[in-house]
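Chemist: Sequence:
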Amino acid sequence: MKILKKIRISKVSLDNRICIAPMCQYSSNNGNPSKWHYDHLGSLMKAGAGLLLIESTAVSKNGRISKKDLTLCNNNNFRKFKKLINYLKKISNTKIGIQLSHAGRKGSSEIPWIRSNKPILKKRGGWKTIAPSSIRRDKHWPYPKEMNIQDIKKIKKNFIASSILSKKLGFDCLELHMAHGYLLHQFFSPISNLRNDKFGGNIENRCRLLIDIAKEVRKIWPNNKILGARINGYDWLKDGSTIKDCIYLSKQLKKIGFHYVCITSGGIVPKTSVKFKKGYQVFLAKKIKQNSTIIVKTTGMIEDLKHAEKIVKSKKADLVSFGRKFVNSPNWLIKELILKKGKVEIPNQYKRCF
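Heads up: the sequence shown runs through residues 177 to 530, numbered per my numbering.
Every clue listed holds true.
Cut-off 27 Å, straight-line C-alpha distance, at most; resulting in silico cross-link-like pairs (DSS-like, lysine-lysine):
#1 LYS501 / LYS482
#2 LYS463 / LYS491
#3 LYS427 / LYS374
#4 LYS516 / LYS482
#5 LYS489 / LYS516
#6 LYS414 / LYS427
#7 LYS391 / LYS258
#8 LYS453 / LYS178
#9 LYS244 / LYS447
#10 LYS244 / LYS304
#11 LYS266 / LYS181
#12 LYS462 / LYS391
#13 LYS430 / LYS330
#14 LYS431 / LYS395
#15 LYS344 / LYS430
#16 LYS343 / LYS330
#17 LYS182 / LYS491
#18 LYS501 / LYS222
#19 LYS181 / LYS463
#20 LYS237 / LYS259
#21 LYS501 / LYS516
#22 LYS486 / LYS427
#23 LYS451 / LYS501
#24 LYS343 / LYS391
#25 LYS401 / LYS181
#26 LYS462 / LYS489
Estimated spans, in silico, between C-beta atoms of each pair:
#27 PHE530 / TRP289: 26 to 36 Å
#28 ASP388 / SER310: 14 to 24 Å
#29 THR418 / ARG500: 19 to 29 Å
Hint data in this document are derived by calculation from the structure and do not stem from the laboratory.
Predicted model, so just to flag it, every value in this text is computed and none were measured.
By construction, the Cβ of each residue, glycine as well, lies at the ideal position given by its N, Cα and C atoms.
Input sequences plus hints: build the corresponding full structure.
Modeler: Below, the structure is given as structure tokens:
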């Protein structure tokens, strides 16, 4: 099966084309990995995937989604992450990446299982968020501060600093989060960006901050490691961003020297016209494959290995990302690898179980 064959990206060799998607756990201790992350990520490292991406990690304290988000913006974060990475790398050959993000107006949110899709009240520790324009994410959400040029410069510095720390930590892959309604997506989408300066208006201007940050990160990130971005293929809204916008961004990232894009969609506001179904975002990845030479990853309700193989074999994507499936069925891929006689690492203590 093509999906189980090795793929070389830059100078990093992945054992197969299956990736574990970054899944927010809202379980940090002051922005640092907790015992939960050791258990959660340690289990995923045994799952047999080629690449594991650690959850969306904020580039600043104010860039968090919630108070329990991971951050990588200071020496304490660096030391705690170093211990985690050293621990994970001893478990298997699965390569490890980090996803860097800033939540923008989507920040200062409650933890989902406490109050889903609700802002943190000020008396509970909420903070003033920032965005390209002072437009609320939804009714009942506060108005964010419209970013000035100094704010924009500060965000660039935050991404640069976190990228430098990521490089020192020895990650195999770095992914910039430019989707799911977070700050960089807020600049990208005409729904949330009504600026009339060089950072708003046409697609070139709406991509300006994304491209500026991407160029700075490309200078920092080692050429022999994987560099990618999660980008928005479609807002699922009238007058929102389109697949044409995504194609433009993909081509720009390729020119800069990014290796891949992960195509996702939605999230700029809580409710859109999206209909969730099997592989509902694959058609967007296919469009990028047809119109760009960059490596493409797809994600979102991919059913199983057979489904993933069909996607890769029909050249709709090069990599396939699974999230929830690795949590509700941790050993599904190991069983498939054994069945297909693919390369699989099973701890000696567990070998008699398969």
